[in-house]
Amino acid sequence: MFLKHIDLTTALRPSYLPDEVLLFVQDNVGLYEGKFKLPNQQNGQVYLTSHRICYVDKDEPRKYSAALNLKEVDRYEFYAGFLKSSAKITIVPKPLKRSTLHNRVVSNTGVNSRGSTPSPAPSDNAYTPPSGPPSMTAATWVCTICSFSNPVPSNFDPTTANAHTPLPPCLACGIKPTLSQVLKAAISTASNRPAATPNASQSGLSSQEVSSPITPQSSDLLTFDTRVGSGQGKPDASVSFHCPRCTFSNHPSLLSCEMCGAPLLSQNIPSSISSSEYIRTQSPGPVKDSNSKTSQGGTDFAESVKISFRGGGEKIFYERLKSAMTQRKWLLQDAPPAPKSNRGMDDSSASGSPSTPVQKTKTAGIAGLEQLGLNMRKNNEILIGSAFEDLEALMASAKEVVALAERFAQQVNGASGDVTSKDNSILAESAHQLGLITTKDIVGGGSSESLYFSELARNLAEFLTDDSRGVLKRAGGILTLVELWAMFNRARGGVELVSPMDFEKAAQMWEGLKLPVRLRKFRSGVMVVQARDRTDDATIKSILAWLQDLHEFPPDRDVAWDWREFGRGVTAQEAAERFGWSLGVAEEELLMAEEHGALCREEGLEGLKFWKNYIGSTDPALLQKREAQEQADALIQRLKETGLIG
Amino acid sequence: MATTTTSPPPQPQSSSSSPSFPFPREYFFPAFFTRQTNITIHHAQLTKWSALILAYARHHRLFRITISAAAESDLFFNRGIDRRLSPPDIREVLDFMRKDGRAEFLRPDGAADAASAAAAAAGGDVVFLYWRKPEEWAALVEAFVEETAQKGSVLTVYELTEGENTRGTEFHGMDNQVLMKALNILVKRGKAQIFGSEDSLGVKFF
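Protein chains in written order, with UniProt numbering: chain A, 1 to 646; chain B, 1 to 206.
FYI, nobody ran anything at the bench for these hints, they're computed from the structure. Possibly wrong hints are sitting among the right ones.
Said to hold, decoys possible - 30 Å max Cα-Cα, derived DSSO-like pairs, lysine-lysine:
| hint | chain 1 | residue 1 | chain 2 | residue 2 |
| --- | --- | --- | --- | --- |
| 1 | A | LYS514 | A | LYS37 |
| 2 | A | LYS521 | A | LYS58 |
| 3 | A | LYS88 | A | LYS329 |
| 4 | A | LYS541 | A | LYS514 |
| 5 | A | LYS176 | A | LYS329 |
| 6 | A | LYS63 | A | LYS37 |
| 7 | A | LYS640 | B | LYS151 |
| 8 | B | LYS204 | A | LYS640 |
| 9 | A | LYS88 | A | LYS37 |
| 10 | A | LYS640 | B | LYS133 |
| 11 | A | LYS473 | A | LYS541 |
| 12 | A | LYS640 | B | LYS191 |
Here the structure is a predicted model, which is why all the values come from computation and not from measurement.
Model the full structure from these sequences, guided by the hints.
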């Protein structure tokens with residue numbers, strides 16, 4: 001399926017893949033498939049990320065949200081809109097078999113994308129240097145400037161390519177290749193396949209297709225598989241494993257080539273992938289059901305998907321989509337991290353590739369540790385050195401540099417021994433992982449600011465409810481807005497800070513967006529943030545339960561009153577300690593409980609204490625009863641006095 | 001009950017010889033002695049305090065209290081738990097009772113029988129506690145006169161409060177000023193007539 005069901009976070013935003021970066025958000029969009037509106041996906045937000053286009057439905061987000069992977073996009077067209085028809089962007093998927101597409105999705109989202117990418121290359125391409133790393137495309141072209149082997153883009157079709165086909169620049173040096181170069185590489189890969197198939201020109205770029213066991217040209221693959229299987233069954237060193245890049249015969253249990261470091265295939269993975277792929281195909285999202293039927297009916301082309309921008313924003317979306325398609329961030333994930341490691345080897349032959357420094361720690365003891373540290377420093381040096389050589393390289397290694405910078409920051413903080421700064425760095429780190437980057441320019445400018453606020457609100461909700469961080473949990477389930485504001489901005493690492501006004505506005509939107517957190521205003525005007533399920537009643541209940549417990553346990557010192565009957569008074573301090581609240585929050589909560597009539601106060605030398613309300617409320621029925629009692633008493637007394645009784 | 005013989009200046013300084021007053025549960029609750037800010041609780045607190053004061057006064061047959069002195073009495077000062085109601089709070093409770101018709105501040109000039117009793121609001125230190133309202137007292141006196149067939153005859157005020165005949169009635173040993181208020185009500189209704197001078201007042205019932 002072109003459109004796939006997606007998982008949402010607690011804040012009803014798409015959960016991002018690793019390395020995925022949010023580029024643009026626009027609300028008030030609808031989806032079309034072909035010419036027809038998708039009935040349940042007519043009002044929602046579209047998220048453009050570096051990897052995907054996600055649609056999140058407004059009314060039934062968990063049910064009808066969908067995404068399509070940019071890597072499956074063949075082309076995209078812009079329609080500016082005419083009269084009542086709103087602007088649309090049509091996205092046409094690649095004319096590939098569905099199974100192939102799925103295979104890719106799985107392999108990309110897998111933990112080890114390098115190892116899991118199936119490719120027949122080792123068996124038949126062993127003697128062809130250009131078809132090097134088994135990334136998603138088997139074909140590679142060698143940069144003439146830096147001699148780095150780049151993958152040929154997956155959507156590059158030699159039959160249709162012309163001078164206007166966009167070509168990605170070299171991943172290492174950023175120089176664009178000539179068309180003929182890439183064309184040659186693609187064709188050589190295709191022609192190197194021994195079993196020429198009728199659709200070779202089309203499938204030449206997709207190695208996965210070859211790997212899938214149902215395709216006809218896999219006879220050669222089957223032999224490969226059996227050979228590999230035997231090699232696995234009895235770990236025989238004689239069954240060597242040819243490196244796809246340098247043809248060195250490796251030991252079958254190695255994961256990367258001993259000679260050139262190119263990733264080798266682990267043999268059992270293709271089968272597991274294909275099985276998972278079938279599972280995927282059989283469990284599509286609710287919307288896609290009808291889709292799958294039509295595509296099973298024979299049409300090889302999936303229907304194109306149209307995104308209708310009813311609230312504007314289509315131009316920016318188109319621009320960003322264009323740049324995302326040119327950048328092809330999803331390739332980076334699959335590409336071997338070679339540029340850095342290769343350079344490292346060139347520059348300093350002493351240290352190995354930075355990705356595997358652990359292998360170097362053969363020496364034990366302090367010397368080993370020192371060696372390890374030395375290697376690491378050297379790697380860092382190389383990394384930084386190479387990263388700043390030119391801009392493209394910096395972009396390519398941005399991830400590592402950021403990680404390095406964060407590690408340095410952590411070390412600095414660790415040295416000062418400050419607990420809060422350590423907390424902050426952890427926060428910052430996790431914030432980075434989350435992709436906390438809703439900024440004003442990401443959000444569609446066509447609609448008002450409200451989209452920015454709603455995105456910020458969702459962002460905040462995610463930040464709060466993220467389990468790994470436990471921001472709310474650590475604060476006892478309640479946090480003042482100011483504290484949250486400070487924490488959130490600190491987590492953003494000092495850039496793209498949110499102004500207090502915006503922050504408050506965003507927080508006020510939680511209620512409307514049905515997010516799992518809510519903003520509460522205390523009587524004193526203090527605003528706090530807490531989980532939706534923590535109502536006042538729940539808080540009062542827990543406070544009362546606590547006070548009830550104090551009836552059971554004797555106070556730590558003698559008290560004059562009957563503690564079995566009344567328990568004892570508690571201060572805000574005690575409540576803060578008991579529930580993990582901050583002092584201000586504890587005070588507000590106690591006052592809130594008092595206002596509800598559950599607690600009463602006692603002001604004394606020891607400060608303000610709160611008791612369970614034994615004074616009670618004025619109950620009219622009770623008053624009447626008391627009056628009746630008084631009259632009865634008076635009557636009895638009078639009778640006594642007159643000597644009639646007693 | 002009603003064994004106090006030297007009542008006229010009934011200062012609640014010392015708990016009287018009568019059996020100890022059964023204080024309510026709230027009296028032993030420390031927070032009861034702090035003014036509550038929650039309106040509902042505060043109202044309940046005032047109501048309970050007012051009930052406690054009246055019950056206490058009835059028990060000890062107190063007709064008037066001096067606030068400064070009463071603040072030290074065990075009515076407002078629970079020595080057991082070392083909690084006391086502060087004088088401003090006492091005043092607030094008494095004011096609450098005044099609105100309810102259960103207390104009245106004595107006017108500083110001593111003109112207690114002023115008709116505009118409510119106007120004599122805060123300020124005074126001495127407060128009358130009406131565990132029976134003057135109307136009720138008036139009804140009691142009237143009933144007594146009726147019962148003892150003394151209509152048309154003249155009784156002195158002293159006779160009413162200290163006389164042998166009234167022994168056993170509730171208004172025996174009553175505070176003079178409170179009694180005067182009650183008698184004035186009867187006068188207004190045309191049921192009695194007061195004459196005589198300050199020291200020897202006489203009342204004629206019709």
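Taking each numbered hint in turn, which are not upheld by the structure, reported in ascending numerical order?
-> none
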